[in-house]
Amino acid sequence: MSTASVATTSSGYLLVLAVMWPVIGILLSFVVSGRQIERLAWIVLPVGLVIAGATLIAVTQAGQSQIYVVGNWAPPLGIALRADGISVAMMMATAIVICVTGVFAHGEFSQPPGGPEERAPVVFWVLLFAIWSALNALVLGSDLFNLYVALELLTFAAVPLVCLKGKKETVEAALRYMLFALIGSVLYLLGAAMIYGAYGTLDIRLLSERGHAEPATLIAASLMTIGLLAKTALVPLHLWLPPAHAGAPAPGSAMLSALVVKGSFFVIIRIWFDAMPDLLSFRAAQLLGALGAAAILLGSVLALRQQRLKLLIAYSTIAQIGYLFFVFPLAAGLATGVAWSGIAWTASWLQLFSHAFAKAAMFMAAGLIAEALGHDRIAELGGIGRKLPITMLAFALSGLSLVGVPPSGGFSAKWLLLLATVMEGQWWWAVVIVLGGLLAGGYIFMVLGRLLASPTEVPALQAPVSRWRECAALSLAICAVLLGIWPLQSSDFLFIGR
Amino acid sequence: MNSATLFGFCSAAIVGLGLFGLIVSPHPLRRILAFNLLGSGVFLFFGVVARRGAAAGLGADPVPQALVITGIVVAFSATALAVALVLRLFALTDEAAPTSEADPKAGAEGGHS
Amino acid sequence: MALVFDIGIVSLLIAIGAWMIMARDTLVAVIIFVVYGLLMSIAWVRLSAVDVALTEAAIGSGITGMLLLSAAARLRQTEGAGARPSFPVCVAAGSLCALISAGLAGVVLLPADVAPTLAPLAVANLADTGLENPVAGVLFAYRALDTLLEKVVLLLALLGVWSLGSDRAWGGAPALGAYVPPNDILVFFAQVLPPIGIVFAAYMTWTGASHPGGAFQGGTVLAVMWLLVMMAGVARAPPISSTKVRWLLVAGPALFLAVGFLGFVIAAGFLAYPVDYAKALIVLIEIALALSIGVTLALLAAGPPERTLQP
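Sequence lines, in order, name chains A, B and C.
Be aware that the first sequence starts at 1, since it is given in our numbering, and climbs by one per residue.
Be aware that the second sequence starts at 1, since it is given in our numbering, and climbs by one per residue.
Be aware that the third sequence starts at 1, since it is given in our numbering, and climbs by one per residue.
Warning: the hint list may mix true and false statements.
Claimed, not checked - Cβ-to-Cβ under 8 Å is the rule here; a few derived chain B residues that face chain A:
{"id": "1", "residue": "Val-15"}
{"id": "2", "residue": "Val-24"}
{"id": "3", "residue": "Leu-58"}
{"id": "4", "residue": "Thr-70"}
{"id": "5", "residue": "Ala-78"}
{"id": "6", "residue": "Arg-88"}
{"id": "7", "residue": "Leu-89"}
{"id": "8", "residue": "Leu-92"}
What the hints assert, rightly or not - Facing chain B, according to a computed beta carbon distance under 7 Å, are these residues of chain C, among others:
{"id": "9", "residue": "Thr-78"}
{"id": "10", "residue": "Ala-93"}
{"id": "11", "residue": "Ala-119"}
{"id": "12", "residue": "Val-135"}
{"id": "13", "residue": "Asp-146"}
Said to hold, decoys possible - For each label pair, taking beta carbons as the anchor points, the in silico distance ranges come out as:
{"id": "14", "chain 1": "C", "residue 1": "Val-35", "chain 2": "A", "residue 2": "Thr-60", "range": "52 to 62 Å"}
{"id": "15", "chain 1": "C", "residue 1": "Thr-243", "chain 2": "B", "residue 2": "Asn-2", "range": "50 to 60 Å"}
{"id": "16", "chain 1": "A", "residue 1": "Ser-490", "chain 2": "C", "residue 2": "Ala-98", "range": "26 to 36 Å"}
{"id": "17", "chain 1": "C", "residue 1": "Val-28", "chain 2": "A", "residue 2": "Ser-208", "range": "40 to 50 Å"}
{"id": "18", "chain 1": "C", "residue 1": "Thr-243", "chain 2": "A", "residue 2": "Met-446", "range": "23 to 33 Å"}
{"id": "19", "chain 1": "A", "residue 1": "Ser-490", "chain 2": "C", "residue 2": "Val-114", "range": "24 to 34 Å"}
If you're looking for bench data, these hints aren't it; they were derived computationally from the structure.
By construction, the Cβ of each residue, glycine as well, lies at the ideal position given by its N, Cα and C atoms.
Based on the sequences and whatever the hints tell you, model everything.
In structure tokens:
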């Protein structure tokens with residue numbers, strides 16, 4: 001029945017650990033008392049980081065995908081976990097952002113000594129573990145239904161994070177997010193059912209061998225994609241994102257904007273580049289690219305019009321997600337070995353990771369500013385940057401990466417994308433990329449100007465700002481910059497397994 | 001027409017009904033109901049796939065059946081979380097604008113920092 | 001004859017589904033939903049999927065119905081909130097959905113010449129799991145990873161529900177009984193049914209290895225019984241900080257995960273079972289899972305903590 005036998009590779013066990021290690025943290029969190037959950041995190045986070053690093057090394061050294069056949073039941077009957085180049089890159093970026101978020105959240109989500117267990121800290125740490133496990137399951141899963149379960153895990157971890165503060169507006173935002181995510185899941189599941197009905201397997205590898213570009217498959221893939229777009233918040237399905245990402249506490253916003261929306265994007269990539277590479281027609285690719293272009297323009301224009309800092313950053317996420325969808329028109333030739341498709345492929349992942357680092361840093365900086373001032377109204381930021389220089393630097397560096405100023409990950413990504421548009425002869429995307437950069441420059445410098453303004457009266461700090469929380473934000477901003485001076489030759493590992 | 005095809009049409013109709021309910025229902029609780037209807041239509045589609053895969057002495061392919069069982073449990077969790085969100089939202093709305101007929105219990109739940 | 005019966009069920013399902021969407025009153029719509037769920041489980045029997053039929057009746061209709069009924073009852077006075085969209089919008093939405101239905105019906109009419117199936121593979125490997133029910137084989141052996149992760153989803157949903165209580169109520173108990181008016185009939189059922197239900201749940205869990213049934217269905221029956229007892233006020237809901245409750249919640253998933261890791265040592269790897277002990281291990285996992293699922297589902301339906309714990 002199965003055409004190619006799949007076997008567990010020597011380092012395959014790492015994939016199981018990557019998914020299950022945070023699950024152990026979740027289970028233990030239920031039975032240890034509140035104060036110990038954060039201590040538990042100090043074990044879960046570094047070990048998880050080591051697991052991600054070990055997987056990255058194992059895959060790059062082997063030069064091929066690492067596979068784990070769960071329960072030794074080979075697909076199509078069983079489920080396999082598979083780590084290729086993009087999986088390990090995502091795992092590593094996830095691990096870094098999660099660990100820094102953990103450091104940043106210390107203090108904000110620590111149980112007060114002596115008192116009874118408190119709500120927010122318990123919930124926060126469990127959700128952090130759950131987001132990690134779900135993302136690892138998403139990037140390692142190679143079975144469409146297994147990915148569905150992972151997507152649900154991610155949704156159930158993300159929604160309560162939105163309304164952790166318990167305010168009415170955040171509950172409203174969480175409910176709207178939940179409904180969007182649920183419709184997305186159902187559409188995805190319907191598509192998966194059609195795929196199983198047509199091919200008798202949900203395994204991505206087997207589908208790439210068995211799949212044909214026929215109408216029913218196209219309908220199935222479209223349904224799954226629409227469902228996933230709702231979770232990724234691509235225009236026009238973006239309405240839920242700004243209130244949700246702006247309403248969460250700062251470490252939550254960081255994870256939601258940096259990581260959670262990328263999880264469903266990753267599954268879209270799996271469908272079109274791995275499961276059914278024949279299906280990506282010119283028109284489908286142009287449509288996805290056009291939606292991305294609309295997202296860049298609309299998100300940036302709306303960001304310019306915001307009066308609240310966190311909302312501005314959330315609208316910027318909508319715009320930056322748009323760039324990711326240029327991978328469809330520009331890297332469509334990847335399967336057939338078109339040379340410049342590789343450039344667009346590298347550029348898109350660079351964009352994803354640099355945005356992850358920059359946006360997490362920016363939300364953290366915004367959170368610190370809001371904490372210090374007691375509000376986040378942009379017009380009244382007046383010179384707070386002079387009081388919080390490290391936070392200010394974190395905001396500035398991550399902002400430059402979002403705009404695409406060299407040297408930064410964002411610059412390299414956008415530069416390579418421009419190069420790909422020229423080589424591909426699809427100049428229309430270049431116009432949008434340049435315009436998007438200018439608009440991003442507009443909203444970033446608008447905020448920077450306010451932060452640096454010499455105020456008529458120096459704003460009083462409402463609360464002291466912890467130095468190491470500032471450093472946590474700065475470290476992620478530096479990661480975003482470092483991606484820009486990363487030698488591009490060494491990004492070959494993004495092609496492992498394809 | 002065999003009965004699997006018949007149930008296939010049924011699932012198509014129910015998916016359409018559920019989507020319609022999700023779009024036009026004003027009350028969030030009704031949207032949750034519509035989501036459950038939509039979900040059951042999708043599960044039924046899996047059921048049709050399973051029935052068509054009857055082989056090896058089984059009346060239906062066991063794999064899609066197991067997927068549906070998992071799906072039903074996940075759909076219930078989603079419903080429970082969504083209902084809790086709706087109840088919380090209305091409790092907070094009552095608090096924000098207390099009316100004479102507001103449920104006293106909702107007020108007693110306490111506010112937030 | 002059978003086809004006539006099926007046509008009857010299908011027409012009823014569609015009609016009741018439409019009625020549910022159109023009904024003015026939310027409480028009425030929920031009651032229709034429960035009836036719809038029971039009809040749907042008959043449909044599952046007609047599709048030779050008895051395991052799913054049991055799950056649909058217990059979860060899809062039973063406990064979801066209880067949850068939605070109590071929510072609808074609590075939200076009665078918000079009934080008027082929001083207005084239906086204008087007629088043209090409804091027509092546009094209706095046309096769009098009709099189009100989607102038509103497309104889906106088209107896909108139904110386009111089956112492959114030979115419908116693909118994993119039934120032969122599932123049956124051929126069943127001996128290695130020691131089970132006789134192939135659906136249980138898929139859930140606990142072939143696709144055990146899905147089942148394990150889905151247990152984590154359940155726990156996470158519960159934490160999400162708990163997180164919606166107020167800060168002061170954390171650690172307290174759900175105020176389930178407080179919303180139900182005193183009701184002798186409910187109390188009577190809450191005293192008579194649980195013993196029967198528990199026996200039934202135990203049987204369902206036990207028999208799942210070889211016949212339709214299993215941890216999900218058994219656990220749900222347990223959950224419904226416990227909810228009944230809590231709603232009638234026969235026993236109070238426990239505080240969410242209770243150590244016993246916390247252990248019961250994680251016992252099933254933790255045992256499942258532990259056996260999974262044990263597979264590295266005693267079997268062919270993660271979530272693999274040694275052939276000789278496969279059935280015993282799976283039944284053990286199912287029993288622990290049934291307990292955990294029962295507690296989780298009941299608490300999910302019970303809602304967030306509302307009272308602060310009385311010392």
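For each hint, the structure was consulted:
1. At about 7 Å, the closest approach between the beta carbon of Val-15(B) and any beta carbon in chain A falls short of 8 Å, and the interface hint on this residue holds.
2. A hinted interface residue such as Val-24(B) counts as satisfied when its beta carbon comes closer than 8 Å to some beta carbon of chain A; here the least separation is about 14 Å, so the hint is violated.
3. About 14 Å separates the beta-carbon of Leu-58(B) from the nearest beta-carbon of chain A, more than 8 Å, and the hint is not met.
4. For Thr-70(B), the interface hint holds, since its Cβ comes within 8 Å of a Cβ in chain A; the closest pair sits about 7 Å apart.
5. Contact between Ala-78(B) and chain A, as hinted, is supported at the beta carbon level, the nearest pair being about 6 Å apart and thus within 8 Å.
6. At its closest, the beta carbon of Arg-88(B) sits 5 Å from a beta carbon of chain A; the interface hint therefore holds under the 8 Å criterion.
7. Hint status for Leu-89(B): holds, given a least beta-carbon distance of 5 Å to chain A, under 8 Å.
8. For Leu-92(B), the shortest C-beta to C-beta distance to chain A is roughly 4 Å, which falls under 8 Å, so the interface hint holds.
9. Among the interface hints, the one on Thr-78(C) holds; its C-beta lies about 5 Å from the nearest C-beta in chain B, closer than the 7 Å criterion.
10. Here the hint on Ala-93(C) is kept, as its CB sits about 4 Å from the closest CB of chain B, short of 7 Å.
11. Of the supplied interface hints, the one on Ala-119(C) holds, with its beta-carbon coming within about 4 Å of a beta-carbon of chain B, less than 7 Å.
12. A least Cβ separation of about 5 Å between Val-135(C) and chain B falls short of the 7 Å threshold, and the interface hint therefore holds.
13. Checking Asp-146(C) against chain B: minimum C-beta separation of about 6 Å stays under 7 Å; hint holds.
14. In this structure the hint that Val-35(C) and Thr-60(A) lie 52 to 62 Å apart at CB holds, the actual value being about 58 Å.
15. The beta-carbon spacing between Thr-243(C) and Asn-2(B), approximately 55 Å, falls within the hinted interval of 50 to 60 Å.
16. In this structure, Ser-490(A) and Ala-98(C) break the distance hint of 26 to 36 Å, their C-beta atoms being roughly 54 Å apart.
17. For the hinted restraint 40 to 50 Å between Val-28(C) and Ser-208(A), the CB-CB distance of approximately 49 Å keeps it satisfied.
18. At about 53 Å, the CB distance of Thr-243(C) to Met-446(A) disagrees with the hint of 23 to 33 Å.
19. As the Cβ distance of Ser-490(A) to Val-114(C) is approximately 48 Å, the hint placing it in 24 to 34 Å is violated.
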